[in-house]
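Undergrad: If you want the building blocks of each chain, they are given just below.
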Amino acid sequence: MLFVEFRFLVFFLIVVAVYWTLRSNTWRKAWLLLASHFFYACFFVGDPLAFVANVRAGAWDKLPTGWWFPSLLWCSTVVDYAVGLGIDRSQTRTARRAWLLASLTMNLGVLGFFKYFNFFLGNAAAFFDWLQVPHALRPLDIFLPYGISFYTFQSLSYSIEVYRGALPAQKNFLNLSFFIAFFPQLVAGPIVRAMKFLPQTFEKRVWSNVDVRACATLFFIGFVKKACISDSVARVVDAYFAAPSEYDAYSAWVAVVLYAVQIYCDFSGYTDMAIATARLLGYELTQNFNSPYFSTDVTDFWRRWHMSLSSWLRDYLYIPLGGNRGSTTFTYRNLMLTMLLGGLWHGAAWNFVAWGGFHGLALIVHREWQRFADKIGWVRGVVAWCAVPLTFYWVCIMWILFRAQPVRDSSGQVVAGSVTVARTVLESFVLLRSPGHRSFSITCVWVLVGLAVAHWISSRQVLAKLWRQIPDWVLGTLLGLGTALALAFVRVDYRQFIYFQF
Amino acid sequence: MFTAHAKQRHGSLHAGVAVSDRQSRPQSQRFRARLVVPCFFVAATLGCWAIGLALPFREVPVVGQKIDFLLEHGDQFDTLFLGSSRVQHQILPDVFDRLMADAGQPTRSFNLAADSMRPPEDSFVLERVLQARTKPLRWVFLESNTLRVRADPGVRGTRRAIYWHDSKRLYWLFRDAFDAARSGRTQWFDNRRAVDFFEHAEAWFDNATNLGRLTAFADGLETNAAALPSWNDLGSQRDGFVPAARPQTMSGKDLADYRRQLAERRQKPALLLHFDVNTQAMFDEEAASIVRAGGQPVLLIPPTTTTSRYYPRADGKQRFLVLDFSSPVEYPELFVEEYRLDTTHLNTRGAEAFTAVLVRRLLEIAHRSP
Chain A
2 MLFVEFRFLV FFLIVVAVYW TLRSNTWRKA WLLLASHFFY ACFFVGDPLA FVANVRAGAW
62 DKLPTGWWFP SLLWCSTVVD YAVGLGIDRS QTRTARRAWL LASLTMNLGV LGFFKYFNFF
122 LGNAAAFFDW LQVPHALRPL DIFLPYGISF YTFQSLSYSI EVYRGALPAQ KNFLNLSFFI
182 AFFPQLVAGP IVRAMKFLPQ TFEKRVWSNV DVRACATLFF IGFVKKACIS DSVARVVDAY
242 FAAPSEYDAY SAWVAVVLYA VQIYCDFSGY TDMAIATARL LGYELTQNFN SPYFSTDVTD
302 FWRRWHMSLS SWLRDYLYIP LGGNRGSTTF TYRNLMLTML LGGLWHGAAW NFVAWGGFHG
362 LALIVHREWQ RFADKIGWVR GVVAWCAVPL TFYWVCIMWI LFRAQPVRDS SGQVVAGSVT
422 VARTVLESFV LLRSPGHRSF SITCVWVLVG LAVAHWISSR QVLAKLWRQI PDWVLGTLLG
482 LGTALALAFV RVDYRQFIYF QF
Chain B
471 MFTAHAKQRH GSLHAGVAVS DRQSRPQSQR FRARLVVPCF FVAATLGCWA IGLALPFREV
531 PVVGQKIDFL LEHGDQFDTL FLGSSRVQHQ ILPDVFDRLM ADAGQPTRSF NLAADSMRPP
591 EDSFVLERVL QARTKPLRWV FLESNTLRVR ADPGVRGTRR AIYWHDSKRL YWLFRDAFDA
651 ARSGRTQWFD NRRAVDFFEH AEAWFDNATN LGRLTAFADG LETNAAALPS WNDLGSQRDG
711 FVPAARPQTM SGKDLADYRR QLAERRQKPA LLLHFDVNTQ AMFDEEAASI VRAGGQPVLL
771 IPPTTTTSRY YPRADGKQRF LVLDFSSPVE YPELFVEEYR LDTTHLNTRG AEAFTAVLVR
831 RLLEIAHRSP
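Respectively, the protein sequence lines represent chains A and B.
To convert, count from 1 in the first sequence and add 1; that's the numbering used here.
To convert, count from 1 in the second sequence and add 470; that's the numbering used here.
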């Protein structure tokens, strides 16, 4: 059940209507917890009636793959609930650390198995093959549960904060389970910290504090980004990356930049809708994007892109590793490790690791550059005027690594590996050298210009002042007309959110 | 250690839109704020309606081309065939026209059928095609099939699943889902039907909101050349017949199933059932529109080995000519293994034979009637 589907609208209207009718805060949270698990289960059970019928008949083999995945969410919650209480009651640091280790082992173990087992197994098999050592390593048929990367990190934030003493252990199981399973951010973030969310659960939410106007506007913007822009440009991107050697360099540029647009609109659009949905229920989620393509350098980019993940990695990985508290080499080691693991979080494939690694390298280079530029002040001034386009150019090059997937023919056979694809696209994009002659429509350029202007306007909050002055009924009318137009641009064959695969 | 964050809000939305403080607004302002919702719905409804009027018919694989072609050239044809793959791949209009002309009954026919087309989709297609006609029809052959709310899960969310979901079709499906007495059931509520109807309601919503009708713009970004209509889905003769894209002979399980079912049908003919009240009412409406267009509605039961076949009800408002080819005893030439794809479909050679038998039967009836 995606946010852009009609069935989500029906689901959400029912959830909101019942939620705000209930008087008790406890009942409200229980209702949202039930709704969240229903929402999550919809991703796995397929036809609900067939599912129930098969369960009743004991026909377990007929149940869809991963039907039992919602139980992983419960397991994670129960473990961290127990860990929180265990840490709270422990007298010694060793005992507290043991509890935290249990949480880390369980949560990361489950995540590691589902997400990385076949990856490491495949690499081990390739290594043995290279050594010509016989082996019986075969990949398992593992299906990745949606959202596991997100809710695992969210759940871990609770255990870590309790361990650090920044958060008391939750005695109320409902609060914790509600925090972890809350459906607006369950499957694709933002990764909400326990410290930011749990206090909101203590007080009953008040309808008069809900700004319906702002929520409706934000949801509409997110919807347009995801369902209209991202899914529309995906056609061009998919066509190019399916056969990059057939296209010319102009098309390489168009496709890569449009991929940057696609992934930003897809992910930030989802986040906007998640935040708006949560606000309509009275809860605040974490901001996740801040006009990242107007970053002035790569460090700035990582302060604006997927902010909930980058801050999580900073607080729970980079700083515990030592952060920048040691020598320069030590700092750079920590930075590189954090970025490599951040890349690996996105997917069990070497292209993601490379993506993270190169971004880590860029961060290091930027730090060195800053030290150099500090000594020669005029250099900073010269570079400042091209900082934004240079940073965007670098980010686009990195997106090539991110997007490069093996090209398969109609029978599913790999005809070009991801390395070959990445190399072809990089040559076209960076060196403007491509063997192909196919070309995308020149309209793509105007589309990109239009999107860039719209993005600039939104980053400058130019319309914010105007938005505040518009009467409510005018805003409602504009949103209604805008929705009618936006729906016509929604692709009928719904595309999964890109970040669902993580 | 913790402060409740209930009243804390961000200074601005990251999308560049500011959040306004509603806590101290007077009642009149709160009332006007509530206008957001009804204004939104009214504007969205009117906007969807206006966009639907302004846009051309939705691009739908196969069916869309056939409809577009008939809207342009419909008056050139006076006989139509409508139904599922059992009509689309089994009736050759050029053979039909030639044999009818040889018998002194010249006609020009078009195969409007499409894979998986069944009521009420066929009624939508017929209604759409008839609205542009200026010349009278002769015959319209409708495949005998019942109204069924259960949808094919494979097509859910596709343009083909959405395009025909207008209010009238949704109403028919609603009746089939919940009108137990008329549908011949004892319970008015059935979980399965309720869920299936919800999927249709979803498709109706997608259609009413013109979902995807402007995606052609995005599709056009892929290429510099403007796409020209190719009429690929109309077949080599541009009469709507397209051969089935499968191996032309049976083997393995298909052959075994066919032989078994054929033996059963030879022993005992397919059970003769009548349409439920809702299906009958829908076919009556189709028949009435055909008659208004000057044509004769013909109910067609293709040569299959299924266990049942459906006839119109005796109390139906319209009179149908029924051509039933389901008996392997009466039409053994249509059940020859070399002519079959499976229990319900003929291959191209079989389609030629079927078309010839159809013409013969039609002419027999035409000679007998006054």
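None of these hints come from the bench; they were simulated from the model.
Where a beta carbon is used, it is the ideal one built from N, C-alpha and C, also for glycine.
Hints may be right or wrong, so weigh each one.
Said to hold, decoys possible - Between beta-carbon pairs, the in silico distance windows are:
hint : chain 1 : residue 1 : chain 2 : residue 2 : range
1    : A       : 113       : B       : 519       : 48 to 54 Å
2    : A       : 79        : B       : 636       : 45 to 51 Å
3    : A       : 141       : B       : 715       : 34 to 40 Å
4    : A       : 60        : B       : 803       : 40 to 46 Å
5    : B       : 715       : A       : 415       : 52 to 58 Å
6    : B       : 505       : A       : 165       : 47 to 53 Å
7    : A       : 433       : B       : 626       : 30 to 36 Å
8    : A       : 25        : B       : 787       : 53 to 59 Å
9    : B       : 800       : A       : 406       : 56 to 62 Å
10   : A       : 48        : B       : 732       : 52 to 58 Å
11   : A       : 39        : B       : 826       : 53 to 59 Å
12   : A       : 48        : B       : 758       : 55 to 61 Å
13   : A       : 406       : B       : 741       : 49 to 55 Å
14   : A       : 15        : B       : 541       : 40 to 46 Å
Undergrad: Quick check: does the Cβ-Cβ distance between residue 141 of chain A and residue 715 of chain B fall within 34 to 40 Å?
TA: holds (36 Å)
Undergrad: Could you tell me whether the CB distance from residue 48 of chain A to residue 732 of chain B stays inside 52 to 58 Å?
TA: violated (33 Å)
Undergrad: Does the Cβ-Cβ separation between residue 60 of chain A and residue 803 of chain B fall within 40 to 46 Å?
TA: holds (43 Å)
Undergrad: Quick one: are residue 48 of chain A and residue 758 of chain B within 55 to 61 Å, going by C-beta?
TA: violated (37 Å)
Undergrad: So does residue 800 of chain B sit 56 to 62 Å from residue 406 of chain A, Cβ to Cβ?
TA: holds (57 Å)
Undergrad: At the C-beta level, are residue 715 of chain B and residue 415 of chain A separated by a distance inside 52 to 58 Å?
TA: With a Cβ separation near 27 Å, residue 715 of chain B and residue 415 of chain A fall outside 52 to 58 Å, so the hint is violated.
Undergrad: Quick check: does the Cβ-Cβ distance between residue 406 of chain A and residue 741 of chain B fall within 49 to 55 Å?
TA: holds (53 Å)
Undergrad: Measuring from beta carbon to beta carbon, are residue 39 of chain A and residue 826 of chain B in 53 to 59 Å?
TA: Distance hint for residue 39 of chain A, residue 826 of chain B holds at roughly 57 Å.
Undergrad: Hint says 53 to 59 Å; check whether the CB-CB distance for residue 25 of chain A and residue 787 of chain B agrees.
TA: This hint holds: roughly 57 Å between Cβ atoms.
Undergrad: Against the range 47 to 53 Å, how does the distance between the Cβ atoms of residue 505 of chain B and residue 165 of chain A compare: consistent or not?
TA: holds (48 Å)
Undergrad: Between residue 79 of chain A and residue 636 of chain B, does the beta-carbon spacing fit 45 to 51 Å?
TA: holds (50 Å)
Undergrad: Taking the CB of residue 113 of chain A and the CB of residue 519 of chain B, does the distance hold inside 48 to 54 Å?
TA: holds (53 Å)
Of the numbered hints listed earlier, those contradicted by the structure are 5, 7, 10, 12.
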